[in-house]
Each structure stands twice: as C-alpha cells, then as structure tokens.
Amino acid sequence: VRCPAPDSIFNRAEALDRVEGDEQILREIVRLFLGGLPEMLADIDGAVRRRDAPAVERAAHSLKGSVGSLGARRAFDAALGLEALGRDGVMADPEPARSELLRETEALVQALDAFLAEQPA
Amino acid sequence: MRVLIADDDPVPRRMLEAVLTKWDYEVVVATDGAEAWEILQSDDAPPLAILDWLMPEIDGVEVCRRMRQRTDAPYVYFILLTSKDRKEDIIEGMDAGADDYLIKPFDAHRLQVRLRAGRRILDLQAELLASVQALGLAREREAEIGARIQQTLLLGQPPADLQGVEVAALTIPSQQIDGDFYDFFQHTPRCLDVIVGDVMGKGVPAALFGAAVKSHFLRALSRLLPAGQGVLPQPEEIIAHVHSEVTAEFIGLESYMTLCYARFDQERQQVTFVDCGHTKTIHLVRRTGEVRTLEGDSLPLGVSEREVYAQVVAPFEEGDLFCFYSDGVTEARNQAGELFGFDRLAAAVRSAADLPPAALVEYLRQTVVDFSHAETFPDDLTCVVVRIEPPGSREVLPDGRPEYATGAARQPASGPPTAVAPPHRASRLPATGDARGAGPDGGNAVSARPDDPSAGAPLAWAAIETSSALTELATIRAFVRSFCRGAAPAPLDEARVGELELAVNEAASNIMRHAYAGRTDAPIRLEAESYADRIAIRLFNEGRAFDPSSAPPPSFDGTRDGGFGVFMIANSVDEAEYFRDEQGWNGLALVKYRASREIDA
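Same order as they appear, the protein sequences are chains A and B.
To get my numbering, take the position in the first sequence, counting from 1, and add 131.
To get my numbering, take the position in the second sequence, counting from 1, and add 100.
Chain A on its own, in the form it takes in the complex (with noise of 0.2 angstroms):
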C-alpha cells in the first residue's frame, strides 16, 4: 500500500500562493468549500445514480474546479476523470470513478479540518 504524498492531497503552499499568502483568507476559502462539498457530492451521486451523462459531467466540472483551487491534486484527477466519463458519455459503469471522488475527497477534507484545527499563525 503506498501512502500519497501529503502534498498531492491538499498543497497548502500552492493554495496559499492564489491568495497572496494570507491564511486567513484561505481559512475562509476552505470554511466555504466544506460548506458547499455535501451539495456537491450530493449532485454528484444523483447525476452517477440516473447515469445523466451531462449532469455528471457538470458536477465533476465543479468541484474539480474548487479542488483544484485548493491545490488538492488528487481530488482533481478524480474529478477529472468523473467528468471525462460524463463528457464521453461513458456511463456503462462509472462506480469505480464514482468511488475514487470519493475517496479522494474524504482524504482532502480531513487534510482540511487539520489546517483549520491549526492554531493560526
């Protein structure tokens, strides 16, 4: 079992560099992704559900762009892969993309809670 690099969950230097530095804008950033990520997820899951070709890919889109904001790599790829699928219309079995999203978010939002747990500078 190989254990990702810390890094290509959530790359805090790289997130930090889109706000110029300041943690504290990124704590609110990263605040306002958790608060969004259920309905996300939640899109994701009923677009996968109804194999809705376009709303899969529309959903992935999304939070492959939040993610990938967040310098979180591996949530990315995810997503992206999720939404080639739907762009190709590949919808035969997207469980395994499916299962991968999600486990790769789970991943970033617990690298998430331990930055926001951090005493801030």
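Hints in this document: simulated from the structure, not taken from any laboratory.
Heads up, some of the hints might be wrong.
[Claimed, not checked] Sample of chain B residues facing chain A (criterion: CB under 10 angstroms; computed from the structure):
no., residue
1, P110
2, V111
3, P156
4, L202
5, F206
6, L211
[Said to hold, decoys possible] Okay, the calculated bits of chain A under chain B, using three or more residues with CB under 8 angstroms as the criterion:
no., stretch
7, 144–150
8, 159–165
9, 191–203
For every residue, glycine included, the Cβ atom is placed at its ideal position computed from N, Cα and C.
We have chain A; now place chain B onto it with these hints.
What follows is chain B alone, placed relative to chain A:
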C-alpha cells in the same frame, strides 16, 4: 482599476477576488455569464474582465462575442479562464474577441503578469482615443479657420454700382474647405472683371493658396495699371503676370489652381477671357436660346512655367447670361453615383434664364441639392452668374416716372383708357372692370374682404399690354418696378418691389412658355393697382388655361420648370389667385402687402 470577475464556482471566485483586492484592483463580482453581461452593459462597466469559460446561461466566450459586436461601447479587455488547455478551445476564445486566456487553476504570478499586460493595452487604447479626439478637435478648428479665410479673403462681393450687368454669386462650402474663390474688379461702371478660381486640395492650405493668388491679382493690377499709363491691362497680361509670380511656388508645393478670368466690356459688347484649365463657362445667348461655352486649352496655373495663356474674345448681346462654376457643381453625384454634369447644369441655366441672377443661382443650388439629395457636398459648390441687362430694363424709366398710361388717383376703375393699349394694336383684352367682376366667386380678384377698410377704389392704377415674346419680360419687369416705385400713397419698399417683380416675371414667363406654348405674337395684359395697404398686379392671357393644382411640386433637377414657377410665385407674394373671366381669359392676381401682415385669426 476596476476588474470584473465572473465565475460560477464560489471557491475560485473568492480566491480571485481576494488576490485582486490584494493587488489593489477594485473588484466587481458576477456569479454567472448573464450577470456579467448585465454589468458590462452598464455605463460604468469595468474596462477589464476575467471570465470563466464554462458558466450556466451565457458562457464566457459568448459574453466576449456579444461585447465585441457592440461598436458603441468602450473597449473591454477580456481574459478567459479555462481548465481545458486544448488548442482549438483557445483559438475559439480568441476568435470570439478575447484578449488573453489563463489555465485553471490559475497561477497567481501568471495572472499578475497578464493583468499588467492588459492594463498596458488599455492605457495605450485610452491614449490613442484621446489623440483621435484631439485630432478631431484640431481638424474642426482648422475647418473653422479655413471657412473664415474663405469668407473673408476668398469670396469677393460684386460691386454695388454696376450698370448694365447684374451679378450674383453663391458658395456652398464643403466640410473641408476647398479654396474656391471669386472676385470682381470694376474698372469703369461699364467694364467689369470677374475671376473664378479653384485651388487643388482642401483645408487651410488650399484656402491660404487661394488668398495668396487673389493678392497676386491685386498686385498685378497695381503694377500693370501705372505701367500702361492709364490703359487697362489686358486679361492675358494680368494672367501672365500672376503666372510668373505664383507658378514656381505652386510647383514647389505640388499644388495648382484652375481659373477663369473674364472681362465684360459693355462699350464693345464683348467678353475677353483667359481660361486656365477651369470648367467651361456657360454663355447663354438670350435671343436664340443657344448655349455656348467659353473655354480655352491652357493648363491650370502652377503646372508649367512655360505655359502661355492667351485670351479669347467673344461678343455678347443684351440679355445674355454667363454662368461660372466650380467643378464641385458638375461633379456632385446623385445616389446612383451619376455626376450632375455639364448638360444638366446648362439645361438648368437655360430653363431658369428669366430669373434675376440672385434667384437663378439659388435655383441652381436647389437643382444640385435636389439632384444629389444632399445638403452638404464633398467639394465646394461655387457659382457666379453675370447677366447683361436686357434692353430698356433700367434706364428706360428716368426718375422712376412711369412712361405707361397711368390713371389718376381714385379714378373709377370702370374701363381702361384706350391709350393703355400699344398704338399699333387694338386691345383685345378684357377691361379692368370686367376683370374685377370676373374674379373667383364673382367677387374682386384682389379679394379684399367686405369689412376691410382698405377695400374700394385703388389710389393709383396702370396697365400695359405686350406681346408674348420672351424679350418682353424686361418690359414687364420694368413696368412693375416703375409702378411700385411711383405708386400712391407711397412707393413700395425695394425688397418687396423685387419680390413682386420676381413673381410677375415668373408668371409672365409661364404664360409665354406654357399658356402660349412659345408663340410670340399673342397678347399679355398687365394691370396694376395701388391701395393703402397693398399693390395688386393682374396678368391676363387668352392661351391655354392653367390649373395651379395640376402643377407638379417644384422639380429642381432642370428637366422641367413647371412646378418651380408656381413655387416661386407663391413664395414671393402674399396672395396669388388664378381665375377665368366670362370671356374665357385666364387671369392671375398677385397681391403684395406694403407691410408684413398679421396672421389671420
């Protein structure tokens, strides 16, 4: 600088907003394409916009495309955000009018660099716009200066005390000044020089050139006059002098001018002219209606220092008409792109040749305006009309005393004295009293209202009968002028005399041309009556009846002159009524009030 951010994903949107605020941009946020479009439509739209490519409703590419179709809006610099970095997408975005693109998730450093590039371009754009506006202002100012030069230096006024010739000039300046000019030198009351010129090029340089050439003419005259010991220098000598002075300058400045110098000598009844490559001057021989041209084969001034300018002499007769014009007249175009041309101009001059020169140039102006359906032209329109007065039009009446049979004041208008008719022909025309009784609705043709205190017998009256030959128009005009000037209780003021004369001239010319269809031996009778408040002139003929309501609206294209006469008459007098009397004579009553009338209640 204000920046619009449009992204439907809250996380990247908030990040962009945060970082741009840190870089001191003023951020305006839109959560989708529709909102972005709305913000960009507003008056204070940000000049720079970062648009996410994929958005619900209207995507970023579409916002760009729509914005670029608006030509009235200020320029907005667009940066598209795309997670797809495939080449064809980027090309599509650039084709839609985007200025730049960034791959999502964005790199802060790259974003900063791209924003700087955008600002630089917007700054350049603003500078360019300011320069264009400044240039526009400068050009307007230049046009004003050019117009002032033209009005004050280039366009001379015809001398006021001319004898035996009537002159009128007209210019419609183009928006860019052309340097058309004309001037008049009067040597003796019966010898007049007319110069009409057109400098190549436009704007202040052309106007200044024209002014310089004009001053060279004055200098040439002042040098040549004393040298000739009182003998008037010939036009070709004057041109040769000016040519030697200006041609080297013209060549150096790569300009030239066309010009026509004409001397009207009434003692010799001839025009001596030098044509320096100008438009051919129209010479209408009044007696025959023939159109001749005054033209030479010389080059314009300023083309060759070796050019020799020779004068040509042409005889003229009383009543003849000359029309000088710039090529702006003949080169005016209609909407189909056709040129107005010499033939149309010559036809228009011929058809309106009976008008006084001032009215004729106005008619020519209207004709060109009507032809081209435009009030402004790419070139100046210049036109100078010189008419050799017809015989007996002014000097015939010494001291303004009418030489026609004239009734005493308050003479009952019951019948014309036999002396009214020219001795060689008995009057076959209706008497004054008959005419009065035969007006519309059986009443007075002059249409005084019953309660009008000024109604009643005229204070003075006169009558004249002439033949329907066009040459009689001068006699008719002189009759009207003379009557009005001597009409009890007081002369009519000169401006009104002129208008009434114009209307009568028009009406009589219509009778000759249309009612009598060109017959020259038919009778025309005029009666004039003076009242305290007005002067009335009635014209009678036994030709074809004329129904004014059948007259077409004035056609100024020179192809026909029917409607124009009616239009002209209606505009020159206060009342004009057509009627027919019991003997079948056609009548036209023209009334001119002595003072401006109050508007009828």
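Structure-based check of all given hints:
1. P110: It holds, given that the least Cβ distance between P110 (chain B) and chain A is near 6 angstroms, below 10 angstroms.
2. V111: holds, 4 angstroms
3. P156: It holds, given that the least Cβ distance between P156 (chain B) and chain A is near 9 angstroms, below 10 angstroms.
4. L202: violated, 12 angstroms
5. F206: holds, 7 angstroms
6. L211: At about 9 angstroms, which falls below the 10 angstroms cut-off, the nearest Cβ of chain A leaves the hint on L211 (chain B) intact, so it holds.
7. 144–150: Three-residue rule met by the stretch 144–150 of chain A, so holds; n is 3.
8. 159–165: Holds, because 4 residues of the stretch 159–165 of chain A bring their Cβ atoms closer than 8 angstroms to Cβ atoms of chain B.
9. 191–203: holds (count 9)
Checked against the numbered hints above, the structure violates only hint 4.
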